[in-house]
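Asks: Quick mapping for you: the protein sequence lines, in order, are chains P and R. Heads up: the first sequence begins at 1 in my numbering, then just goes up one per residue. Heads up: the second sequence begins at 1001 in my numbering, then just goes up one per residue.
Source of the hints: derived by calculation from the structure; they are not laboratory data. Computed from a predicted model, the values in this text were never measured in an experiment. Among these hints, one or two may not hold up.
[As the list claims (entries may be wrong)] If the Cβ cut is set under 10 Å, some of the chain P residues that face chain R in the computed set are:
hint : residue
1    : K54
2    : G58
3    : R59
4    : D69
5    : G78
6    : M79
7    : Q82
8    : Y84
9    : N89
10   : F98
11   : L100
12   : V102
13   : G137
14   : A143
15   : G263
[Claimed, not checked] Pair ranges (Cβ atoms, derived):
hint : chain 1 : residue 1 : chain 2 : residue 2 : range
16   : R       : H1137     : P       : D69       : 16 to 26 Å
17   : P       : K101      : R       : Y1061     : 50 to 60 Å
18   : P       : L181      : R       : P1139     : 33 to 43 Å
The C-beta atom is built at its ideal place from N, Cα and C for all residues, glycine as well.
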Amino acid sequence: MATVEMVSIRKAFGSSVALEDFTVRIRSGELVCLLGPSGCGKTTALRILAGLEKADGGRVAVEGLDISDEPPERRRFGMVFQDYSLFPNMTARQNIEFGLKVQKKDAASRRSIVDRMIDVTRLQAHADKYPHQMSGGQRQRVALARAIATAPRVLLLDEPLSALDAQVRETLRDEIRRLQLEIGVTTVFVTHDQHEALAIADRVGVMSNGRLEQLAPPRELYERPANSFVAGFIGTVNQLPARALQSDRWQVLNRTVVGNEAGTAGVEGTVAVRPEHIALDRSDIGPWTIESTSFLGPMTRLVVAQPGHQSLLVDLASSDAVAFPVGSRVQVRLRDDVGQVTVLTLAPLASRMSS
Amino acid sequence: MSKESVVSKESVVSKESVVSLDVASRGETAPPPVGLGHAYWRRVRPAPVIKGAFLVVVALYFIVPMLAMARFAFQNVPMALLTPEKLFDGWSFSGLWTALSDPGIIAATKTSVLLVAFAIALNLALLLPLAIVTEVHSPKLRPVLSAVTLLPWVIPPIALVVGVAATFRAAVPWFLASDFSLVPFYALWAMPFTYRALDAGLQAISARTLYEAARTMGASFTTIIVRVIIPNMGAAIAAASALTAAMVLGEFAFASLLLKRTLPTEMVNYQRGDPRGGLALALIVMILTALALGLVVRSLRRRGLTVQTAGI
Chain P
1 MATVEMVSIR
11 KAFGSSVALE
21 DFTVRIRSGE
31 LVCLLGPSGC
41 GKTTALRILA
51 GLEKADGGRV
61 AVEGLDISDE
71 PPERRRFGMV
81 FQDYSLFPNM
91 TARQNIEFGL
101 KVQKKDAASR
111 RSIVDRMIDV
121 TRLQAHADKY
131 PHQMSGGQRQ
141 RVALARAIAT
151 APRVLLLDEP
161 LSALDAQVRE
171 TLRDEIRRLQ
181 LEIGVTTVFV
191 THDQHEALAI
201 ADRVGVMSNG
211 RLEQLAPPRE
221 LYERPANSFV
231 AGFIGTVNQL
241 PARALQSDRW
251 QVLNRTVVGN
261 EAGTAGVEGT
271 VAVRPEHIAL
281 DRSDIGPWTI
291 ESTSFLGPMT
301 RLVVAQPGHQ
311 SLLVDLASSD
321 AVAFPVGSRV
331 QVRLRDDVGQ
341 VTVLTLAPLA
351 SRMSS
Chain R
1001 MSKESVVSKE
1011 SVVSKESVVS
1021 LDVASRGETA
1031 PPPVGLGHAY
1041 WRRVRPAPVI
1051 KGAFLVVVAL
1061 YFIVPMLAMA
1071 RFAFQNVPMA
1081 LLTPEKLFDG
1091 WSFSGLWTAL
1101 SDPGIIAATK
1111 TSVLLVAFAI
1121 ALNLALLLPL
1131 AIVTEVHSPK
1141 LRPVLSAVTL
1151 LPWVIPPIAL
1161 VVGVAATFRA
1171 AVPWFLASDF
1181 SLVPFYALWA
1191 MPFTYRALDA
1201 GLQAISARTL
1211 YEAARTMGAS
1221 FTTIIVRVII
1231 PNMGAAIAAA
1241 SALTAAMVLG
1251 EFAFASLLLK
1261 RTLPTEMVNY
1271 QRGDPRGGLA
1281 LALIVMILTA
1291 LALGLVVRSL
1301 RRRGLTVQTA
1311 GI
C-alpha cells in the first residue's frame, strides 16, 4: 500500500506532446482509472509511472519519495499489459513464480505464495498449462497473479481487458476489483472504456490531449462534470440553450438551476443535460413531437423533435415510456430533482472533442 | 445445459459471420438464396478448383525432376530402352554406396558439416545479441539494420571473393589456406536470412513487451535475455540455423573460387567421373536436408511453436 503522486509531468514524442502539466495524486489502496480517447496520453502516463518511459519534466513519487530516476526493476510495481505478455516458455505456475525467483525468495515461500495466487485467481485447473494452451481470460488472470505475487507497492493495469470478448471482460473486471480490494494494493487502471472505468474505480481521471480534465468518483463525474469535455465524454448529453442569471444561476427550460460556472447575467449560453434529467408531459399543442423510441430494457430512449431545434434524447423508465408513442405531442421540462447543470459556454462541444 | 446451448448459438453465429465476410470480400452483396446453398456456392466459388489445380502443377514441377533424377541415379536402364515391362528392372543403390565410400566425398562432407556448424555459430554470435538489443532498446534502428543486413546480397560473390582474397592474401596469407576461411564468407552470405528469421522471431514473441514485463518484476537485463528472450527464440534460432545450413550445403561459388573441397564442389568433381553416383548423392543430400528441416518443424510444433513464428 502506498500513495502515488505524479506532479507536473510533461512528455513529448518529437513534436507531439503526449502529456502536459499532468498531475495526479492517488491515495493509498485506491483504484484510480485513467480514462480517455486513444492518443490522450493515458498509457504514456502509466508507462512513466512504471518507469518504462522517462518524463521530460515533473516528478513521480511513491510514499512521498521521488522515484523519477529509478529504473522499473527497482520500483517494486506490478504491471499487467494489454497483450498478456506471459512468458511463452513457462507454465502458468512458472510465470507467477518468475518475479519471486528474481527476488531470491526460498523455494518453500515461493511455493506457498504461488499456490495462494493460483487459488485467488481461480487458476487451479490451469496451473501447469503453457500460455498457448489457455484462453485469453485465463492468460490475463495469470498475468494478474504474476503482477501481484511479488507484493508490489503499486499495481498498474494497461488496458488489461481490451483484448477479451465482452462476457469474459465483465467477469474479469469484477475479479480484478475483488482482488484489489482484498489485497488493498494502490492501483492505476488505464482504459478507454467508460463503463469499465465507472464500474470499478474509486476515482476516475478523465484525460484529453495530454491533460487531466477531471479526477473524481464515478458518480460525481457523471452528475457534476467539471467541463464540457467530461460532460460529453461520460455518458450522453443534450445541449440546451440557457440564459445566465445572477451569479451561477442559469435558466434552462423555464427552470432556474445552478450551473458549474457563472455567466454574464442576461447572456445566452449552452448547458449539458442528461437524457434522464428531462421529463415529458403530454400536450396536444406540442411543441415537441416523439420522433422515435428505442427499448433498452429498464429504460426507453426517446428522440424528441421540434422543427428548427436540435432533437433531444430523453430516457424514461420503460413503464412510463408507453404513455408516449411515436407521433404524440409533448412538452419538455427539467425533472424536478435536477438541481445542477454543466455549462458548455467555453466552446461548442464538437470542436473541443476533435481538437 | 444452458451453457451448452449458448456455445452452440455462438458457433452458429460465427459460422454465419464467416460466410457473410466471404461474400463481402468477393464483392457480392446478396446472401445466398435459401435452399440453393450447395449449388450456389459451387457456381460462385471456382476458387477451390483453381487452388487444387495450382497445387497439382506446383507438385508436378517439383516431383517430376526428382523422379527423373532418381530413375537416372538408381536404375541402370538407358531412357531409350525403357519400356513399361522394364520399369522395375535394373534398380540398384550400388552407385550411391560407391559415391558414399569415396574418400574425397567423405572428407568434403566432414568439411561441410564443420563449416555449417561454424557458420551458424558465428552468425548467431553476431546477430542474436544485435537483433535483441535493437528490438528492446532502440526499435527505431530496425529498418536500418534490416537494410544493412541485405548488403551481402548486393555484392556478387565473385566481387566479394576477389576483394577479400586480395586483402587477406597480402595481410594474413595463412588465413585463406585454411578450409575454414570460408566461414566468414558464409556467415556474411547467410546474414540476410539469419537476421530476418531472428527479427521475425522477436516480433512474433513481442520481445519488447516481455522485456518490459520482466523489468517491472525486478529482473536484470542478463536475466531477461537468458531466461525469457532466448528460450522463446527456439523457433527463430532453429529457422535461422536451418536456412544457414541449407545455404552452406548448397554453396558453390565461394568454395570453387577459393579452391576449397566442400561437399558441393566435390560433388561436381565426382559427377564428372560417375554421373549416376553423383546424382544419387545429390538426391540423398536433398532428401536428408528436407528431412532435417521437417524434424525441426515437428519438434517445434510439439512445443506449440510454428515455423510462421520464426517468420519463414
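Asks: Hint by hint, note whether the structure agrees.
Replies: Structure-based check of each hint:
1. Restraint check, K54 of chain P versus chain R: the minimum CB separation of about 13 Å is more than 10 Å; hint violated.
2. Evaluation of the G58 of chain P hint against chain R yields a violated restraint, the C-beta minimum of about 21 Å exceeding 10 Å.
3. Here the hint on R59 of chain P is broken, as its CB sits about 20 Å from the closest CB of chain R, past 10 Å.
4. The closest approach between the C-beta of D69 of chain P and any C-beta of chain R is roughly 15 Å, which is over the 10 Å cut-off, so the hint fails.
5. Checking G78 of chain P against chain R by beta carbon gives a least distance of about 7 Å; that is within 10 Å, so the hint holds.
6. Satisfaction of the interface hint for M79 of chain P is found here, the shortest Cβ-Cβ separation to chain R being roughly 4 Å, below the 10 Å cut-off.
7. A hinted interface residue such as Q82 of chain P counts as satisfied when its beta carbon comes closer than 10 Å to some beta carbon of chain R; here the least separation is about 9 Å, so the hint holds.
8. With a cut of 10 Å, the hint placing Y84 of chain P at the interface with chain R holds, because the nearest CB-to-CB distance is about 9 Å.
9. A cut of 10 Å between beta carbons decides the hint on N89 of chain P: the least distance to chain R is about 4 Å, and the hint holds.
10. The beta carbon of F98 of chain P is positioned within 10 Å of a beta carbon in chain R (closest approach about 6 Å), and the interface hint is therefore held.
11. For L100 of chain P, the interface hint holds, since its Cβ comes within 10 Å of a Cβ in chain R; the closest pair sits about 9 Å apart.
12. At a threshold of 10 Å, the smallest CB-CB gap from V102 of chain P to chain R is about 5 Å, leaving the interface hint in force.
13. With its C-beta approaching chain R no nearer than about 15 Å, G137 of chain P sits outside the 10 Å limit, and its interface hint is violated.
14. Satisfaction of the interface hint for A143 of chain P is found here, the shortest Cβ-Cβ separation to chain R being roughly 8 Å, below the 10 Å cut-off.
15. Because the beta carbon of G263 of chain P sits about 48 Å from the nearest beta carbon in chain R, more than 10 Å, this interface hint is broken.
16. Take H1137 of chain R and D69 of chain P: their Cβ atoms lie about 18 Å apart, and the range 16 to 26 Å holds.
17. At about 53 Å, the beta-carbon gap between K101 of chain P and Y1061 of chain R stays in the expected band of 50 to 60 Å.
18. In this structure the supplied range 33 to 43 Å holds for L181 of chain P paired with P1139 of chain R, their Cβ-Cβ distance being about 38 Å.
The structure fails to meet hints 1, 2, 3, 4, 13, 15 from the earlier list, while all remaining hints are met.
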